[in-house]
Amino acid sequence: MASGILLSRILGVVRQRALAHYFGIHGAADAFIAAFRIPNVLQNLFGEGVLSASFIPVYARLRAEGREDEARRVANAVFAILALVTSLLVLVGVLGAGPLTRVIAPGFDGPKRDLTVRLVRILFPGSGLLVLSAWCLGVLNSHRRFFLSYTAPVVWNVAIIAALLGFGSRMEPYPLAEVAAWGSVIGSALQFGIQLPTVLRVLGGFRPVLDTTSVHVRTVVRNFIPVFIGRGVVQLSAFADTIIASLLPEGAVAALGNAQVLYTLPVSLFGMAVSAAELPEMSSATGDTASVGVYLQGRLNAGLRRIAFFVVPSAAAFLAFGGVIAGAVYQSGRFQRADSEYVWVILAGSAVGLLASTLGRLYSSTYYALHDTRTPLRYAMIRVGLTIVLGVLFAIPLPHLLGIGSRWGAAGLTASAGIAGWVEFFLLRRTLNRRLGDTGLETAYQIRLWAAALLGAVFGLGVERLLPAVHPIVEALFVLGAFGGVYLAVTLLLRVPEARALLARAGRGGR
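Position 509 (the sequence shown) corresponds to 1260 in this note's numbering; numbering is contiguous.
Hints listed in this document are in silico derivations from the structure and should not be mistaken for laboratory results.
Nothing false has been slipped in among the hints.
Computed Cβ-Cβ distance ranges for the label pairs, DEER-style:
1) Leu1243 / Asp865: 53 to 59 Å
2) Leu1206 / Leu835: 52 to 58 Å
3) Leu1217 / Val1140: 43 to 49 Å
4) Glu819 / Leu1218: 54 to 60 Å
C-beta: ideal position from N, C-alpha, C; glycine also.
Make the full structure from the sequences, and use the hints.
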């Protein structure tokens, strides 16, 4: 799964680099990123995370019990419901693009606002197709077919990149943004289509029917509702970020989007990969309550260690080398060195809650395996409320109080989300510990990881100082290579099991 996500995310970074090359962090970039966020609500509300929480536990349990025909009927019914609801919402989104843009990007006006409206209308059907792609992912994950489902977004990224490369040299940024949006729609169709043949094969039959009488379909819908509401609450946070950023000077929306692409790499590669891989395993647990609890506790603690081993150095790298990372990924064409520094500050703010966000995903998966979708919902609402309140305070009045430019308020948005993420994480852990017993990372283990990351950062900063002026990619190879090498060496010396396991796996060629 991590390999599939890595391949997909690498193409995602290439896509974002192409966008940065042709748009920089100016008007067209602001419009494209804001427009993309509006229809993306469909994918977030009905897509992978929601289906994983509601559909996979029911479908995987039926298969574990040998009830294949019943599992197939549930999958077909869920597809039919999703297709109907998503189609209606796509229609509403296309017709209501103007009002939606006024709500989500109130700071946009003139040509930038008009472009955003046009992009929203183009992008909405593509988001509907991505919801159906998420249904494919749910089926494939339940059958332990992880690689295809998590590499499918590669074709979506390739379609956008191809549109930019094909027309970028002969079009101005505003019309080019519309071409890129059409590339996104084509890529969405390809992402769904590339998974469908394998899904049909593993299902053994595809006859979508709006069956709401099945007790198992009703269970999926019942579990779906609180997760759907939870995702809706989370969307409020994402929309609040866009609304606030649209009120900041030009480029804030684009820079925030560029930082989020980098920030979500470790979240996806480690938090999402481990959480998504564990959910079918946890959901398939059988036996009495005590034995299931012991099993879940063991898998949760092991998963937390795996996540932390990779996320701790990721957070340290964002803090120490965010400018180097942003420069290597984005710095070309219209995206300049000053833009890399701007993204670095925003990225450093996101590092505050990186560990909490990734560990929290695995805790939420454990709740979902226990068919408890309401507890994560309650805590998500608390996190989002804190994020919005702190985000407004940190992004708008705080820069003025500190005597710095208002554009730096974008970093306040990511830092406030990090603080709220820690609150949610502690609540999730405390409540689950009451049910399963002690879970979490040992203090000694965390100290070893942070000590190794700190030493790696010191060496990396030393290399950065000694390097002459070189291309940003070359600089990143030397600086991040030194940082990563020292981190791995120190964790091996400190006998961190995950470091030894990583080395052994690399020696076997990743098998």
